[in-house]
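Novice: Each chain is listed here by its residues.
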Amino acid sequence: METLLWQVEQLPGLLAVSRSGQVRDWDPPTLDRALQWGRYFQHLHGRFRAQPRLRAALGQRLRRGQHGPPLGFGHLGRCPELLGLALLGNRALPPAACHRLLRSLLLPPSGQATPGPFGLLARRRAAAQLLLPPPSPAPARPEELELEQSLRTEAQLLLSRLQEDEEEEEEQGPAGVLEHLPRPRVYRVLAALLLEQAGDNAGGEGASWAEHREGPRPAAAVLSWLLGEPGRLSVFCRLLPGSLLVALSARYPQLGTPYLHLLTNWGSRLRYDPLSGQWASSRCPSEDELSWEELRERFSCFMRGPAPLREAALASLKNLKIQDGDFEVCGLSVWTDLLLDALGIGFCSCTCWCKPGLTPPLQELPM
Amino acid sequence: MAQHTAVPKLSFQYWLDKAVAWGQTTTLESQQDVCLQLPKLQEFLQQIYESLKHMNSTTALQRFPLIGQLLGRLCWNPFVVGYDESQKTLMWCLCCLYSNEPQNPVELKANSWILSLLCHLLSPSEWGANKVGTGTFISALGYTSADYYSKLVKNIVLSLVTELKGNQFNGLNIQGRVSDDHVNIVSLFCVPLITLPDVTPLLEALLTYHGGGSQEVLSSEFLEAVNETFLKKKIVLSESAVLSLWLRHLPSLEKATLHLFGRLISTQTSSLEEVACIIKESLLPQAACYPPIFRIVDEIFKNALMETGGTPEVMTIIQVFTQCFIQAHQKDNKQHKFPLKAYFPHHHQHLVIALLKHPFDLPATLWSQHLKYITDMLKAIIEDKSVRSYTDLFESWFLFVHFGEWADIAVEQLLKSEDESSDTFLWLLAFYYNPNSDKEQRTQILVEARAVYDRLMMLFSCTTLSVADLQAAASTKTDKRQPCTKHLVRHLLFSFLLFSSGGHKIAQEFISHVILASNTTNEVFGLLIRTAYRFNQLGLKNQRVVKLVNELLQELRFMD
Chain Y
1 METLLWQVEQ LPGLLAVSRS GQVRDWDPPT LDRALQWGRY FQHLHGRFRA QPRLRAALGQ
61 RLRRGQHGPP LGFGHLGRCP ELLGLALLGN RALPPAACHR LLRSLLLPPS GQATPGPFGL
121 LARRRAAAQL LLPPPSPAPA RPEELELEQS LRTEAQLLLS RLQEDEEEEE EQGPAGVLEH
181 LPRPRVYRVL AALLLEQAGD NAGGEGASWA EHREGPRPAA AVLSWLLGEP GRLSVFCRLL
241 PGSLLVALSA RYPQLGTPYL HLLTNWGSRL RYDPLSGQWA SSRCPSEDEL SWEELRERFS
301 CFMRGPAPLR EAALASLKNL KIQDGDFEVC GLSVWTDLLL DALGIGFCSC TCWCKPGLTP
361 PLQELPM
Chain B
1 MAQHTAVPKL SFQYWLDKAV AWGQTTTLES QQDVCLQLPK LQEFLQQIYE SLKHMNSTTA
61 LQRFPLIGQL LGRLCWNPFV VGYDESQKTL MWCLCCLYSN EPQNPVELKA NSWILSLLCH
121 LLSPSEWGAN KVGTGTFISA LGYTSADYYS KLVKNIVLSL VTELKGNQFN GLNIQGRVSD
181 DHVNIVSLFC VPLITLPDVT PLLEALLTYH GGGSQEVLSS EFLEAVNETF LKKKIVLSES
241 AVLSLWLRHL PSLEKATLHL FGRLISTQTS SLEEVACIIK ESLLPQAACY PPIFRIVDEI
301 FKNALMETGG TPEVMTIIQV FTQCFIQAHQ KDNKQHKFPL KAYFPHHHQH LVIALLKHPF
361 DLPATLWSQH LKYITDMLKA IIEDKSVRSY TDLFESWFLF VHFGEWADIA VEQLLKSEDE
421 SSDTFLWLLA FYYNPNSDKE QRTQILVEAR AVYDRLMMLF SCTTLSVADL QAAASTKTDK
481 RQPCTKHLVR HLLFSFLLFS SGGHKIAQEF ISHVILASNT TNEVFGLLIR TAYRFNQLGL
541 KNQRVVKLVN ELLQELRFMD
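The listed protein sequences derive, respectively, from chains Y and B.
Read in order, the letters of the first sequence correspond to residues 1 to 367 in the UniProt record's numbering.
Read in order, the letters of the second sequence correspond to residues 1 to 560 in the UniProt record's numbering.
With the rest of the complex left out, here is chain Y (with noise of 0.2 Å):
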């Protein structure tokens, strides 16, 4: 067991050399002796997946004195091709080296009929070409859907890295790994992956919303992560668009209201500038801002989203204006200007004392 525990130990050393300018010095031999190893991590992969004890106790040694993204029990199946497409990467590797590495990895095995997985992939790739932008005109931008769709996938492979860690009995829970993804295209894929998880889980939408509110295990967990720290919602709500946010909200409540709460701390920065008469950023404009065209939009979304949603934030929108004075004239609050102007709710026909560019859009008025 001793000796198994060290050899897999050698996996983050082994996959770190072949990114690294140490291939500088390889000859074909030792080529071969790292494929064998690849291999040979991917047959204890194959061995000991069913053993939940073992597993747990291979990824656990995987993960020790780890620096950078953590490593678990499924990168040891996944070996002979992290090695071989990080070997291929590397310019360092000699040329003698390298043809060695070409033969094994891609020419067909002589006497095998097992083909390389890598065909495949090339031809994956290009099915991915062929089928992702719409090769049409089509309706919606061919830029978008690749997005979606590489989200959606990067969600799954995200989820999938996180069970597999659930299952080896991770310590730190998907904080681990969340970490050190990079950002901020780890906020994409989180609202991804929830969107997804809800998607899956919801029956129907209602049933979403009463039952489900603490949301599905895994996302339950990275939500808790996403809320455990300000700066990190901060970021994530920055970054994607309303719609999408009060989609969200509306699946996992527990988003909603500090998402709600964060719109108006951004709107409490606001200041009005009588000169050009519009609310306009302070002065020193940091990063956790939000332009007024960009507040009034949010807060339309969620006017636009479920009954509980739009109720909530009408309920904090009209006590924040009482508090400001419960004013009914525009530039005194913002919070007065965004539930008469940008949202439509108004007490009194004031529309003299707006802007002619700042109507209400009425028609968009929900039910």
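Any given hint could be a false lead.
Over the 12 Å line for every Cβ pair with chain Y, so calculated as not near, a few chain B residues [unchecked claim]:
1) P39
2) L115
3) G142
4) E299
Heads up, incomplete: computed chain Y residues facing chain B, CB under 7 Å, no partners named [said to hold, decoys possible]:
5) P95
6) P218
7) A221
Once the Cα atoms are required to be at most 25 Å apart in a straight line, the calculated SDA-like pairs of lysine to any residue come out as [stated by the list, open to error]:
8) K109/B with S104/Y
9) K379/B with L446/B
10) K109/B with D27/Y
11) K154/B with E148/Y
12) K154/B with S160/Y
13) K233/B with P117/Y
14) K109/B with G21/Y
15) K357/B with P291/B
Derived from the structure by calculation, the hints contain no laboratory data.
In this text, a Cβ means the ideal position worked out from N, Cα and C, and glycines have one as well.
Dock chain B against the given chain Y, drawing on the hints supplied.
Specialist: Quick look at chain B alone, frame taken from chain Y:
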């Protein structure tokens, strides 16, 4: 070396010009052209690889100076990379060109170029201006592009399938119904991907998708390629998808029927069960439950029958196909299914109904009576002077061929029971083997058949017989026997061997004798497997005659 000359230089220029043209425009015409050329290109790439694997990279570059340009361009063409096994061959060629000891800057540069091409083929692409960092993200997660693309393709396929089924997609954006043009292009873009298993659900969704108008929305390249691949058994498709393909694309149905026919003729089948199995596997009997499909398949059979001049093999195929079709029709649980007789639009529906009765729907004691009924009707149609036209006669004969098991039973009845209706049955057999309208000719056949039959009946009760006796009984004074008469006589002789006690004993000897002398193995073998199949269907197992049939079959199989 011979292998080197196997790759003509001209082809390099030809394919390079093609690759350049494909790379420059993305018009529908150029995409259709790629799809059409893909099989030939794959063959060419395979030839190049066969040559390259015996050379080092310097020699290869000297011999094929255009190879770099060609491979480089092809690696950037997703149609080519996506097609069947082309991507593997492309990568193998690149491997062969990589030098393990680069001697000069050119080779160094070539090596680096090869690596970038391979990375391009295998790494996540950074789409256009959206450098979103998918590669970094998945590698931080500990996954590779192999994991990523496997899931990505599934997602894309699923979302296209959902779109085609008209459902709303519960994703980041909600999509409406797709336009016909879009579907057409998706179908064209699927052509290279047909053998990729991930794409199968999309193929099925496309095949069962019908646009708003009456015009075909799928590209004909797609329909042809799917059919071709299905017939080669390189993909497995659901029955409904295949039916939908044949219903919407006539050339595919024709090809499928001819393919089945070709397979049945060319395969050495050792039993009719095997033939029935091949027929069912083709899905054509199931598809034929749609009357338009039945009509076309039947028409093709009719042509085959006419072109071969009514060979017994073709007649047997039609007979077995009809049985498989009737079984499929009985299994078909559709609410509004057509009655069986509607598939055989013959003037005389009574005849159709009588023929549709399978022998095992009736007790054996009624066979003779039923056969008489059938024959009388046929005779009335054929000999009715007012409507005698060739087409009429042919249609009636063709209808009877579908139910050829009744002809076998007629012979059996002739020998087993000394029936007073032997004239009737002989007439039916003469008709079965010779649908000629010439009355004189039929009379001639009948006279000869009657003579042979009478002689055989005289030998029927003899317990000891010699081959010579039997040969004498079957012989004729004139040598001008028609081929159809020969078929008929052989059929009579064959049944005599099975059903008479004397014949039984010399059956093996006689058959090997007759076969050696007259080179009619196929015909006798055909009669044997028909008989074995019928016995099997009737559930006969332990009777002497069944054993004999099996022994004879064994022997003939051995002789092959």
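Novice: Next, verify each hint and record whether it holds.
Specialist: Cross-check of the supplied hints:
No beta-carbon of chain Y comes within 12 Å of the beta-carbon of P39/B; the shortest separation is about 16 Å. Under the 12 Å C-beta cut-off, the non-interface status given to L115/B relative to chain Y is violated; the minimum distance is some 7 Å. Annotated as non-interface, G142/B brings its C-beta within 12 Å of a C-beta of chain Y; the closest such distance is 5 Å. Chain Y leaves E299/B outside its interface by the beta-carbon criterion, the shortest separation being 38 Å against a cut-off of 12 Å.
Look at P95/Y: its Cβ gets to within about 6 Å of chain B, closer than 7 Å, so that hint holds up. Hint status for P218/Y relative to chain B: violated, with the closest Cβ pair at about 14 Å, above 7 Å. A least Cβ separation of about 16 Å between A221/Y and chain B goes past the 7 Å threshold, and the interface hint is therefore violated. With a C-alpha separation of about 22 Å, the suggested pairing of K109/B with S104/Y holds against the 25 Å cut-off.
This hinted pair checks out: K379/B and L446/B have alpha carbons roughly 14 Å apart, not beyond 25 Å. Annotation: proposed proximity of K109/B to D27/Y holds, straight-line Cα distance about 20 Å (limit 25 Å). Note on K154/B and E148/Y: the hinted pairing holds, with a Cα-Cα distance of about 14 Å set against a maximum of 25 Å. Taking the CA atoms of K154/B and S160/Y, the gap is near 15 Å; set against the 25 Å cutoff, the hint holds.
Our distance criterion of 25 Å between C-alpha atoms is met by K233/B and P117/Y, whose separation comes to about 23 Å. Restraint check for K109/B and G21/Y: satisfied, since their Cα atoms lie roughly 20 Å apart, inside the 25 Å limit. Proximity of K357/B to P291/B is assessed by CA-CA distance (about 20 Å); at most 25 Å being required, the pair is judged to hold.
The structure is inconsistent with the numbered hints 2, 3, 6 and 7, although it conforms to all the rest.
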